[in-house]
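Protein chains: 4
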Amino acid sequence: MFNSFGEIFRFTTFGESHGKAIGVIIDGVPAGLKFDEEFLVSELDRRRPGKNRFATQRKESDTPEVLSGVFEGMTTGTPISIVIFNKDQKSKDYSNIKDIFRPGHADFTYWHKYGIRDYRGGGRSSARETAARVAAGAVAKMILRELDIEIEAGVVEIGGIRAENIDYEYAKNSPIFALDSEAEKKWIEAIDKAREEHNSLGGVVKLRIKNLPVGLGEPIYYKLDNILASAMVSINAVKGIYIGNSEAHKLTGLENNDEISKDGFLSNNCGGVLGGISNGEDVELEVFFKPTPSIFKPQKSVDIYGNEVEVNLKGRHDPIVAVRGSVVAEAMAACVVADMLFLNMTRKMEYIKKIYQ
Amino acid sequence: MFNSFGEIFRFTTFGESHGKAIGVIIDGVPAGLKFDEEFLVSELDRRRPGKNRFATQRKESDTPEVLSGVFEGMTTGTPISIVIFNKDQKSKDYSNIKDIFRPGHADFTYWHKYGIRDYRGGGRSSARETAARVAAGAVAKMILRELDIEIEAGVVEIGGIRAENIDYEYAKNSPIFALDSEAEKKWIEAIDKAREEHNSLGGVVKLRIKNLPVGLGEPIYYKLDNILASAMVSINAVKGIYIGNSEAHKLTGLENNDEISKDGFLSNNCGGVLGGISNGEDVELEVFFKPTPSIFKPQKSVDIYGNEVEVNLKGRHDPIVAVRGSVVAEAMAACVVADMLFLNMTRKMEYIKKIYQ
Amino acid sequence: MFNSFGEIFRFTTFGESHGKAIGVIIDGVPAGLKFDEEFLVSELDRRRPGKNRFATQRKESDTPEVLSGVFEGMTTGTPISIVIFNKDQKSKDYSNIKDIFRPGHADFTYWHKYGIRDYRGGGRSSARETAARVAAGAVAKMILRELDIEIEAGVVEIGGIRAENIDYEYAKNSPIFALDSEAEKKWIEAIDKAREEHNSLGGVVKLRIKNLPVGLGEPIYYKLDNILASAMVSINAVKGIYIGNSEAHKLTGLENNDEISKDGFLSNNCGGVLGGISNGEDVELEVFFKPTPSIFKPQKSVDIYGNEVEVNLKGRHDPIVAVRGSVVAEAMAACVVADMLFLNMTRKMEYIKKIYQ
Amino acid sequence: MFNSFGEIFRFTTFGESHGKAIGVIIDGVPAGLKFDEEFLVSELDRRRPGKNRFATQRKESDTPEVLSGVFEGMTTGTPISIVIFNKDQKSKDYSNIKDIFRPGHADFTYWHKYGIRDYRGGGRSSARETAARVAAGAVAKMILRELDIEIEAGVVEIGGIRAENIDYEYAKNSPIFALDSEAEKKWIEAIDKAREEHNSLGGVVKLRIKNLPVGLGEPIYYKLDNILASAMVSINAVKGIYIGNSEAHKLTGLENNDEISKDGFLSNNCGGVLGGISNGEDVELEVFFKPTPSIFKPQKSVDIYGNEVEVNLKGRHDPIVAVRGSVVAEAMAACVVADMLFLNMTRKMEYIKKIYQ
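Protein sequences appear in the order of chains A, B, C and D.
All letters in the first sequence, in the order written, are residues 92 to 448 by the numbering used here.
All letters in the second sequence, in the order written, are residues 92 to 448 by the numbering used here.
All letters in the third sequence, in the order written, are residues 92 to 448 by the numbering used here.
All letters in the fourth sequence, in the order written, are residues 92 to 448 by the numbering used here.
Okay, chain A solo, but in the shape it has when bound (with noise of 0.2 Å):
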């Protein structure tokens, strides 16, 4: 609760944009498993902003360093930290917002849930958060990597544009992991328009778990796509989740239930998921996020002292949070996905003996 995910594998996350560190406690991992730290930094090097123009220019140090959990290369099952310092932190760049509430952002929900607020960016709130999320991310892809489970996202909408195909191999070496080799043209064009206008653009992930077991899921409240549900909503900026063929609830029954037949599932509008389980076919969904909230236009808001004022936001910042955003979904798709497996093993008395026969 509050700052942890997952039952079994459970990840536990602490830091602030602009104080000493971020970091996350990965419980919960097993014992034997080869730690890839290049492969650690490597994630975190994707999601990793100032790369280039479409991502806040702001340079943040995403080195990693793995404090425990990791002996001789290999994981000894017990908690895995990893700690991020912070060291671009350009504090003053902010200090002209530290009493006034920033529209779209949290500044007013956490002043008045907490009664005081770390007023340097967004605190808590910053997407910054999100490097420890796909530090955990990483750690469960190394589990999934051993039992062939893929997990593979990219952009699918920008702005009101919508891919027209869907090719998650070339949203691997797009700069703005575009599913689309056509839209991303018209992507990039929207982008570089609206950060020209200072303003930002909302965006539409689109996700895809591979060769996943049939059986994951627990019902009733802890099925795999709540659960992802969950996750996915959890990052900063996603406002909406859908799993599946995302027109289903315009569609007839007859038009949507998947046929089935000696070979598999005859479609996939349901998305990989029945009545919580996953059926053995990929799992697939669609995130969608909202606009960047950083905008550099004067906008209206009130102070900590309730006195009426203009907002003009000065820094850099993502034009459009989706694009980094597909990183974390799939951080966090991974993480969901070792915590099933985990919880699976245990549901049936056949899988129990195995073990302790």
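Incorrect hints may have been included.
Same chains, same names: a pair is fine if it fits in one copy or spans any two.
What the hints assert, rightly or not - Derived BS3-like pairs (lysine-lysine); straight-line CA-CA distance at most 27 Å:
#	residue 1	residue 2
1	353	405
2	178	111
3	405	444
4	263	276
5	189	353
6	353	391
7	445	301
8	391	301
9	125	445
10	189	388
11	111	189
12	405	284
13	353	388
14	111	405
15	301	125
16	391	111
Hints listed in this document are in silico derivations from the structure and should not be mistaken for laboratory results.
Let chain A serve as the given structure and place chains B, C and D on it in line with the hints.
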């Protein structure tokens, strides 16, 4: 986990559609709450199928028996157990599908996950389980009423036809909880047509939480919105959720940000949640239901031995699950809010002193 | 939390001693376990009071009704709900103590904590609740039997008289679960004397878990021993617990350390637990019960209005709660072990591959 | 679970004795608490070994670094992360025991549970981990101080020699936290003798919680006493616990029941807990520590290949772990009480209205 939901206000449900009973234990209910058993019955009645032609004709007997936790009309702080015995079981209706996986249902995944399945109806995956949720939600609502917090929901879209106006008052007396009297007519036509054609329809429920205090929701992984997402997607047939303006991903930051004045927010695109915390505006969300999987047309499938078969269902089913789903969505939202209220009480030293000094 | 115990094998109890029913939902039971209802009844029968003069004469009706989770004699992986309806309520026995706090009972603390109290008997704090635990323990034992894990317990001390020999087989047929036939005679005398004098006695239960695999228990805060401690001290009237040789704190390291040979440990002072993890030896512990608080001599107390009063109890009560407590201790231990077995399955990559490859 | 403790005030520790660092994330700390970093350091200093000859001479560097959750001297409601980097590692001291299971240690069980083990010192099972608990306890104590709740502990028995008087004030300045100045002399003699003989001693810690409000503790499975039991037995080397008069199991009901007058309870055999809930008297308990397993005499054991070996330890170790254990017991008790305070706030409608109306 598994069959429990919530951290402090925490309920656990049990029961199969054609077993002896379904029920719920509600733990974490504070002592000293007037227990309104009539209200409990009326809430169950709103969800109950068989009331009119827009819902399944299977007559469920939803008479709740309160076995514990209430003494002389007041809650005592001990767990409240509510059981609903199954009476109208008609097991024979289902015998023809004993070894067959019905498309769109959880038969396939339960069988593969557990290696065994209560084949009489949906068993645990039946919508019948949602009666237990409505019972829990009724108790949550008893708490919320004392704080003037109100939860309302209704249908905003059926079969691709969208409401033009939203009137929560109207929905309360509509046989299909329609939020719009104009759309209601078209929806009823569409439902009647679907039933005649032995088909079913998807739909969208809109839900509003009024008078919520500022500050509910626990960052980072137990936010108000991601737990609402988890709650909603855990409901049978729900495939998606959206918090606030469901077009946010198509907007620019300038369009989407909600500016603030002395008198509050000037718009509510965020749906009353910023950074996962309630901001004092109405919390608003949409819930996307797939069409009822039980349709009465021949469908391709396989049996548990791997043989290809034609499925021909008989019986009585909702042509549109979203209608009754509206009541379940309210119940789940009420449980989430109660939980968030309790958690928030422990988040400020000021509150702690208020209780203990 | 509150009324639940366990992480994966997790049960939740409800019910008051003089309410309609008590019961338990057992969640996390794997599918494919033969459900032995006769065994469930026999376990409840062992705990049931009124069997002989060594236990309270209040005749409880402990007929369990299994409402869910079992289909055609097998567990299905869904929650198992077991309800025991209260029949022999005799509320009038308790009317004289409606407004009075009985010394040694929870009347005082429930009243102050909740501001309301079911004054008919102990309500929720009654030992009657332990029947629900025994039901959960019976299900846990069904799982353990499949792995040849056995849990035995008996009385090792009553009224300060200590057993000289320990014979778990003898205890099984002793009316007071005595571990020592010699001590049994003295204990029976002491119990008869206490009853005549309207007084009660404390005692100590000794418990053994046999055939446990090495490796159960999760460091650091969900160790086998600290969760056993939590389980035992949660039982009514238990005030203490000791794992292994209960003189360990008086020994030197040289005396207390258990040396190891090729054939296993050369002694078992540690009680089968090292670093919180089972080491393959018998797990052994002692559980310390205070004397039954219900005695039939005048005692000083106050009423809910703050007036000083003399309490004079009537009714039928155990002169020694440790005897039946022995059965409850077994049940709780069984639940802990089932939970630890399940958790341990997820702690090694080797196990994970065994299931998924 | 695993490496976390508590429900609302919840901490998670990480780190191995000879890894890079140990640390703790403390989640659930309310906002608006003055964070007393000096106090944190002083608490760690009380536990720190190497201070005098009664503790291990290994000099641990217990300088805590607060990485998050505190802003301008106040807690913000976000997770507080505290890291202590390991400096004085001296790995070579331990190389001779790389493949050997030290009797009384967790080497054997970690190896078998995980199939891998950080053989440098105790790794995760080292008492070094308790520094992280003391850090968490220091934060809990900061909260308790605001409510005048005080936790005190000291040594009441060493090597079988029992204190005759109990003086918590005296213990505060005793180098061995002795509760009795007379016994202290004998204990120091016994400790010196044990050290000379390369042996070690067990002991008993007595702990008191003062000024606790009535009503803390959540029946039935999260009682004040069973969670204290869990907390205490989770501490390295603790084998038992007793709440209240540790002779209760030898008494009769008449002797053991605490009668009540207008001015409170007339005795405190129950140790301040009735039915698992605090009754307003001092909460008192005893914690039983086995002797330090690290002794410097030859012992029989086996290595990881199954060969029988003679273990000859070198190095510097506590001859008596109970002394420093006293500080850890205080810390754990403080964390339990903070958690219980928060949970209790949600248990009465009256409290809920106090916050929200």
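(message) Name the hints, by number, that the structure is in violation of.
(response) 3, 16
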